[in-house]
Amino acid sequence: MEKIVLFGTSPGAKVAHFTLSHDPSYEVVAFTVDRAYIEEEKFCGLPVVPFEEVTTLYPPGEYKMLVAIAASGMNKMRARKYAEAKEKGYTLITYIHPTAIVASDLVIGDNCMISEGVICRPFLTIGNDVFIMPGATLGHDTLIKDHCFIGNRAVVMGAVIMEPFCFIGPNTTIMEDLTLGRECLIGGGVVIQESTQEKEVYKANPPIKLPLPSDKLAKIIFRKRV
Amino acid sequence: MKKIVIFGTSPAAIQSHYDFTNDSGYEVVAFTVDRNEIKEKELLGLPVVPFEEVETIYPPVDFGMFIAVYFNRVNKVRMKKYELAKAKGYTLVSYISSKAIVWPGLQIGENCMVCDGANIRPFTKIGNDTFVMPCAVIGHDSVVADHCYLAIHAVILAGARVESCCVIGANSTILNGVTVARECVISAGAVINSDTQQKGVYTVNQPILQPLPSDKLANVLFKVQV
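Chains as they are written, first to last, in the numbering used here: chain E, 72 to 297; chain V, 33 to 258.
In case anyone wonders, no lab produced these hints; they're calculated from the structure. In this text, a Cβ means the ideal position worked out from N, Cα and C, and glycines have one as well. A few of these clues could be false.
Cross-link-like lysine to any residue pairs, in silico, SDA-like; alpha carbons within 20 Å at most [to be verified]:
{"no.": "1", "chain 1": "V", "residue 1": "K131", "chain 2": "E", "residue 2": "T170"}
{"no.": "2", "chain 1": "V", "residue 1": "K231", "chain 2": "E", "residue 2": "A107"}
{"no.": "3", "chain 1": "V", "residue 1": "K231", "chain 2": "E", "residue 2": "P282"}
{"no.": "4", "chain 1": "V", "residue 1": "K231", "chain 2": "E", "residue 2": "P277"}
{"no.": "5", "chain 1": "V", "residue 1": "K231", "chain 2": "E", "residue 2": "P284"}
{"no.": "6", "chain 1": "E", "residue 1": "K85", "chain 2": "V", "residue 2": "L138"}
{"no.": "7", "chain 1": "E", "residue 1": "K280", "chain 2": "V", "residue 2": "R214"}
{"no.": "8", "chain 1": "E", "residue 1": "K85", "chain 2": "V", "residue 2": "V134"}
{"no.": "9", "chain 1": "E", "residue 1": "K85", "chain 2": "V", "residue 2": "G137"}
{"no.": "10", "chain 1": "E", "residue 1": "K287", "chain 2": "V", "residue 2": "K112"}
{"no.": "11", "chain 1": "E", "residue 1": "K280", "chain 2": "V", "residue 2": "Q238"}
{"no.": "12", "chain 1": "E", "residue 1": "K274", "chain 2": "V", "residue 2": "A220"}
{"no.": "13", "chain 1": "E", "residue 1": "K85", "chain 2": "V", "residue 2": "W135"}
{"no.": "14", "chain 1": "V", "residue 1": "K231", "chain 2": "E", "residue 2": "L281"}
{"no.": "15", "chain 1": "V", "residue 1": "K157", "chain 2": "E", "residue 2": "S81"}
{"no.": "16", "chain 1": "E", "residue 1": "K280", "chain 2": "V", "residue 2": "A202"}
{"no.": "17", "chain 1": "V", "residue 1": "K131", "chain 2": "E", "residue 2": "I167"}
{"no.": "18", "chain 1": "E", "residue 1": "K85", "chain 2": "V", "residue 2": "K157"}
{"no.": "19", "chain 1": "E", "residue 1": "K280", "chain 2": "V", "residue 2": "R193"}
{"no.": "20", "chain 1": "V", "residue 1": "K131", "chain 2": "E", "residue 2": "A171"}
{"no.": "21", "chain 1": "E", "residue 1": "K280", "chain 2": "V", "residue 2": "N237"}
{"no.": "22", "chain 1": "E", "residue 1": "K280", "chain 2": "V", "residue 2": "R105"}
{"no.": "23", "chain 1": "E", "residue 1": "K287", "chain 2": "V", "residue 2": "R105"}
{"no.": "24", "chain 1": "E", "residue 1": "K274", "chain 2": "V", "residue 2": "P239"}
{"no.": "25", "chain 1": "E", "residue 1": "K287", "chain 2": "V", "residue 2": "W135"}
{"no.": "26", "chain 1": "V", "residue 1": "K157", "chain 2": "V", "residue 2": "I140"}
{"no.": "27", "chain 1": "E", "residue 1": "K280", "chain 2": "V", "residue 2": "I140"}
{"no.": "28", "chain 1": "E", "residue 1": "K85", "chain 2": "V", "residue 2": "P136"}
Ranges between beta-carbon positions, derived for each pair [unchecked claim]:
{"no.": "29", "chain 1": "V", "residue 1": "S246", "chain 2": "E", "residue 2": "T250", "range": "22 to 30 Å"}
{"no.": "30", "chain 1": "E", "residue 1": "D176", "chain 2": "V", "residue 2": "K34", "range": "41 to 49 Å"}
{"no.": "31", "chain 1": "E", "residue 1": "G116", "chain 2": "V", "residue 2": "I89", "range": "44 to 52 Å"}
{"no.": "32", "chain 1": "E", "residue 1": "A174", "chain 2": "V", "residue 2": "Q139", "range": "32 to 40 Å"}
{"no.": "33", "chain 1": "V", "residue 1": "L78", "chain 2": "E", "residue 2": "L283", "range": "34 to 42 Å"}
{"no.": "34", "chain 1": "E", "residue 1": "I109", "chain 2": "V", "residue 2": "S246", "range": "22 to 30 Å"}
{"no.": "35", "chain 1": "E", "residue 1": "L283", "chain 2": "V", "residue 2": "E72", "range": "33 to 41 Å"}
{"no.": "36", "chain 1": "E", "residue 1": "L283", "chain 2": "V", "residue 2": "K157", "range": "27 to 35 Å"}
{"no.": "37", "chain 1": "V", "residue 1": "P92", "chain 2": "E", "residue 2": "G116", "range": "35 to 43 Å"}
{"no.": "38", "chain 1": "V", "residue 1": "E59", "chain 2": "E", "residue 2": "P169", "range": "25 to 33 Å"}
{"no.": "39", "chain 1": "V", "residue 1": "I70", "chain 2": "E", "residue 2": "L283", "range": "28 to 36 Å"}
{"no.": "40", "chain 1": "V", "residue 1": "V61", "chain 2": "E", "residue 2": "S175", "range": "40 to 48 Å"}
Put together the whole structure using the sequences plus the hints.
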């Protein structure tokens with residue numbers, strides 16, 4: 072069983088702790104955050120220790136780490152802590168949930184999280200520190216570079232190159248054979264059909280609110296009685 | 033094995049009969065609908081009995097019930113029958129597909145349905161009489177209240193709140209922390225990024241019909257040979 076220290080005390084860290092706790096291969100022993108951010112001595116029933124001295128309490132030889140920060144600051148915060156943890160000598164784990172459907176040839180780096188129900192097709196390469204939320208689908212011959220974050224049920228089709236630090240929102244669709252520039256933010260529900268440039272931000276059309284309340288419209292929208 | 037009676041004879045009832053029969057610890061023994069809705073005396077080889085006197089034929093002490101009605105009139109039809117069945121003293125059972133991804137400690141009420149491939153993340157709370165259709169995702173720390181209907185591939189992100197009697201359409205996205213007010217209808221594919229108004233109906237732009245037939249356009253749209 073691998074002993075793990077989780078970086079973070081956010082809801083994302085809470086979910087990572089919950090996930091790893093249900094896998095017999097891992098035992099989470101502690102949380103760590105920068106001293107200035109410690110609010111409680113315990114989180115999820117485990118000690119919270121200052122990141123500045125985590126190596127003395129949980130030496131990198133015996134303990135591994137997962138930096139469990141979501142996409143804050145276009146993934147930069149996670150990337151920074153990822154680099155610092157590596158510098159301290161920690162091995163960063165990559166977790167692949169057993170319900171994910173992953174092609175046998177997947178190439179993947181460290182500090183990655185592949186959540187429930189994710190589909191990774193053949194000839195896919197994923198870099199370091201990439202978080203993939205439940206139910207996302209990643210196509211064949213695609214390259215996801217370091218520090219990206221891919222939201223729930225996003226679809227990335229084949230032969231896509233995703234440069235580092237991209238944020239792909241939930242339910243988005245990235246069409247095949249294109250390149251997403253560094254640090255792009257693709258909002259929830261967006262469909263990307265052309266390559267994007269660095270740091271571009273895309274947002275879905277807002278929904279259109281109809282002028283009638285739902286109880287007046289129900290009969291029209293739901294044509295067939297089911 | 034616990035025996036149940038299904039309310040309804042529509043496709044929803046036939047679907048839930050299949051699910052309960054093939055993938056649950058329950059045995060369906062009969063269907064029931066209001067007397068004036070009875071068209072055939074049998075459905076799938078089982079008796080169809082009037083709802084007005086179902087408790088005398090299948091007493092609530094021996095039989096459970098499931099209200100198999102989808103979202104007619106913004107879920108109000110199902111809600112009404114749910115309340116009547118409770119008043120008759122029935123225990124209303126929930127169905128959670130063995131192919132859904134759920135975690136230990138799931139908080140879910142009565143008369144709920146969680147279909148294949150749906151993914152309910154940790155620390156989520158689901159009320160009574162809420163239907164979660166295939167592949168929908170409900171993010172961590174979110175709340176879905178009573179009498180809701182989440183269509184196929186709907187995504188409710190972390191920390192969002194769906195109040196009672198909402199219909200969340202197929203492939204729609206409810207972003208982090210947003211509250212969908214009571215009785216809203218969110219159409220397929222809509223992205224909801226701010227709180228909605230009660231009974232609001234939110235729809236999306238229609239797709240754009242191109243001026244050329246598909247056989248003329250194919251080589252433009254599909255950049256990679258597939």
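Hint check against the structure, violated hint numbers in rising order: 2, 25, 27, 34
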